[in-house]
Amino acid sequence: MVSEQFEWALLALAQPAKVQLGLFPDFANAADELALSWEEALEDTDLDELSDSARSAIKELDDYMLSISGQENAELWTNESVSSSVQWAKMRKMASRVIRELGWIRSSPHKPLWAIYVHDDEST
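For what it's worth, our numbering labels the leading residue of the sequence shown as 124, then goes sequentially.
Think of the hints as simulated: they come from the structure by calculation, not from any bench.
It cannot be assumed that every hint is accurate.
Stated by the list, open to error - Below are the DSS-like pairs computed for lysine-lysine, each with C-alpha atoms no more than 30 Å apart in a straight line: (1) K141 with K234; (2) K141 with K216; (3) K213 with K234; (4) K182 with K234; (5) K182 with K141; (6) K213 with K141; (7) K216 with K182; (8) K213 with K182; (9) K234 with K216.
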């Protein structure tokens, strides 16, 4: 059985950009938050209990995310990129495939109840 955090992270990655951006406070970088949520959830999930096809789809998604990470791809990890880049559109399709492989229904996740955000407002 997968954790609530894994389910949340996967459902969040499959959402349209507008929903993804709405999951976080306006000052947050949704791209980074989505990636960090996925990374943390994946680390805490035992994939051995999942089907081969689900594990393969998860690996494909994770490998793709890693391939477009890093300083050389910083422009892909912005709120604007979540809304407009082909890379984020591809991630959403890949996440949707994982959901299908798991036999889940793609639904909108709630805002993360476990998250704490710190806003460094330098204007005060």
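Verification of the hints:
no.: 1; hint: K141 with K234; in the structure: holds, 13 Å
no.: 2; hint: K141 with K216; in the structure: holds, 15 Å
no.: 3; hint: K213 with K234; in the structure: holds, 23 Å
no.: 4; hint: K182 with K234; in the structure: holds, 25 Å
no.: 5; hint: K182 with K141; in the structure: holds, 26 Å
no.: 6; hint: K213 with K141; in the structure: holds, 15 Å
no.: 7; hint: K216 with K182; in the structure: holds, 14 Å
no.: 8; hint: K213 with K182; in the structure: holds, 14 Å
no.: 9; hint: K234 with K216; in the structure: holds, 21 Å
When held up to the earlier numbered hints, the structure conflicts with none and fits them all.
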